[in-house]
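K.L.:
Listed below are the residues making up each chain.
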Amino acid sequence: MTPITVRVDGATYADDVEPRTLLVHYLREQLGKVGTVVGCDTSNCGACTVHLDGEAVKSCTVLAVQADGCEVTTIEGVASGGDLHPVQKAFNEMHGLQCGYCTPGMIMASIDLLEDNPDPSDDEVREGIEGNLCRCTGYQNIVRAVRHAAAEMRGGADGHVVPAQVDTAAAPHVVGQA
Amino acid sequence: MIPAPFAYARPTTVDEALQAIADGGEDVKVLAGGQSLIPVMRLRLAAPETVVDLGKVEGLRGVRDDGDAIVIGAMTTHSDVLADPLIAEHAPLIAEATGTVADRQVRHRGTFGGALVHADPAGDLPAVALALDAEFVIVGPGGRRTVPASEFFLDYLTTAVGEGELLVEVRVPKLAGSWGMHYEKFNRVAQAWSIVAVAAVVRRENGRITEARVGLTNMGPTPLRARQVEEALAGAEATAEAVAAASERAADGTEPSSDLNAQADYRQHLARVLTRRAVSTAAGL
Ligand SMILES: Cc1cc2nc3c(=O)[nH]c(=O)nc-3n(C[C@H](O)[C@H](O)[C@H](O)COP(=O)(O)OP(=O)(O)OC[C@H]3O[C@@H](n4cnc5c(N)ncnc54)[C@H](O)[C@@H]3O)c2cc1C
Ligand code: FES
Ligand code: FES
Chain Z
1 MTPITVRVDG ATYADDVEPR TLLVHYLREQ LGKVGTVVGC DTSNCGACTV
51 HLDGEAVKSC TVLAVQADGC EVTTIEGVAS GGDLHPVQKA FNEMHGLQCG
101 YCTPGMIMAS IDLLEDNPDP SDDEVREGIE GNLCRCTGYQ NIVRAVRHAA
151 AEMRGGADGH VVPAQVDTAA APHVVGQA
Chain X
1 MIPAPFAYAR PTTVDEALQA IADGGEDVKV LAGGQSLIPV MRLRLAAPET
51 VVDLGKVEGL RGVRDDGDAI VIGAMTTHSD VLADPLIAEH APLIAEATGT
101 VADRQVRHRG TFGGALVHAD PAGDLPAVAL ALDAEFVIVG PGGRRTVPAS
151 EFFLDYLTTA VGEGELLVEV RVPKLAGSWG MHYEKFNRVA QAWSIVAVAA
201 VVRRENGRIT EARVGLTNMG PTPLRARQVE EALAGAEATA EAVAAASERA
251 ADGTEPSSDL NAQADYRQHL ARVLTRRAVS TAAGL
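As given, the protein sequences belong to chains Z and X, one line each in that order.
If you count by the numbering used here, then the first sequence holds residues 1 to 178, one letter each, in order.
If you count by the numbering used here, then the second sequence holds residues 1 to 285, one letter each, in order.
Simulated from the structure, these hints should not be mistaken for laboratory data.
The model shown is predicted, which means the values in this text are computed figures rather than measured ones.
Incorrect hints may have been included.
SDA-like, lysine to any residue: derived pairs with alpha carbons at most 20 angstroms apart [claimed, not checked]:
| id | chain 1 | residue 1 | chain 2 | residue 2 |
| --- | --- | --- | --- | --- |
| 1 | X | K56 | Z | P120 |
| 2 | X | K56 | Z | D16 |
| 3 | X | K56 | Z | M1 |
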């Protein structure tokens, strides 16, 4: 057992953990923060995304012992009081989810992206959340939700967000590489 | 799945880390960003007795100016690399390739040194280090040594970093002025690993290519230099035709693997096409 001290969603926890414990399991099983979910075994899906010292990481690919002394924010910590985070609100309003399993990770990855790029284009959103897989929505409304939230967070009206269009072509950056 | 149990050491200096490796038993693994090691431990493809975490070791993270070279600490994360002004100025090829690695989450944790020591044939940074003639600074119980990139990548997932040793930093010669560089990568949607990629570093003077270095990703068990292309380009006119002719030789002598993503002959085709594109862009054509 290794002692760790971690701040999670504003509260400080001191615990003994087995070194092999993944951060996601520590959050879910030891702290009861089940908002963060596990979607794969291969570090690909991003469902487990949390912020570690302010940066989005896949909590299934971080050991709990590596988070010692760090600050973790999960999906359960982004709302303030009863007010949803603008990105949470936008996923709701823009229908950015169907089953909702990918949503906690999508929201955490999107918040991280918007901190670096407050006004991303559609392509930049797609690139920015490429580490998150959604098996339901086809991403179209997720991209809308992120851009809607971005506009909201820049202060003010939902400027350039356009309704979803039917477009089955691959993302342009991929075409560019082919 | 979760990893098999292991003993965990969290040293704070390089000396302590070397000691922890020496004391760790038969099967010791060094943990850098964990973005390759933790996935293989979760799949139980690796089950080390001891894990030595470099996360708190001082002095391994960051980039510094060292005269005619820049020095990149092994624990510098991919996202640090992307934001670094020295890399942007003196070795933009590294940032360009790093920007194609994985996704934002993985780039926040994964490290420059970890990606090089892991030496995955599909990894993007080994071919870049090879094309830039980087030098690898390795420490171990026997002291400190410097290994040129040409002698660093030995075999599939195997480098000159021996048991009990650590990669501490990588020296990258500054290339300015008449040098141009470009990384051209071919991969599938939402799967960032390269099927094939090409790193080109080209010096252009008075309408001619005076020197070219071409690194190939995923054209064999280790990254390769396309020597025949480099020889054909040295002294050639900087024209699209000359580059296209030289690039025809990019796959000569290679034995790439066949897998789910591509057959060997398709990889060889890609190497020729991507070399032409990478060299053309690097030469400003
Ligand atoms: C979903 C996903 C997608 C990815 N896509 C790409 C991609 O497109 N292109 C790409 O290049 N990479 C990709 N990667 C891998 C990524 O670049 C990793 O960051 C990198 O391969 C390993 O770096 P790390 O710091 O995480 O090393 P770790 O996983 O911590 O270590 C990897 C290996 O290197 C050894 N090691 C690490 N540092 C040292 C050191 N300083 N001295 C001695 N030994 C050391 C470890 O013991 C281990 O064996 C991907 C990873 C994931 C999870
Ligand atoms: S659970 Fe799929 S990336 Fe973490
Ligand atoms: S909404 Fe179901 S996986 Fe994304």
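K.L.:
If a hint holds in the structure, say so; if it does not, say that too.
P.N.:
Going down the list of hints, with the structure as the test:
no. : hint              : result
1   : X/K56 with Z/P120 : 34 angstroms, violated
2   : X/K56 with Z/D16  : 19 angstroms, holds
3   : X/K56 with Z/M1   : 18 angstroms, holds
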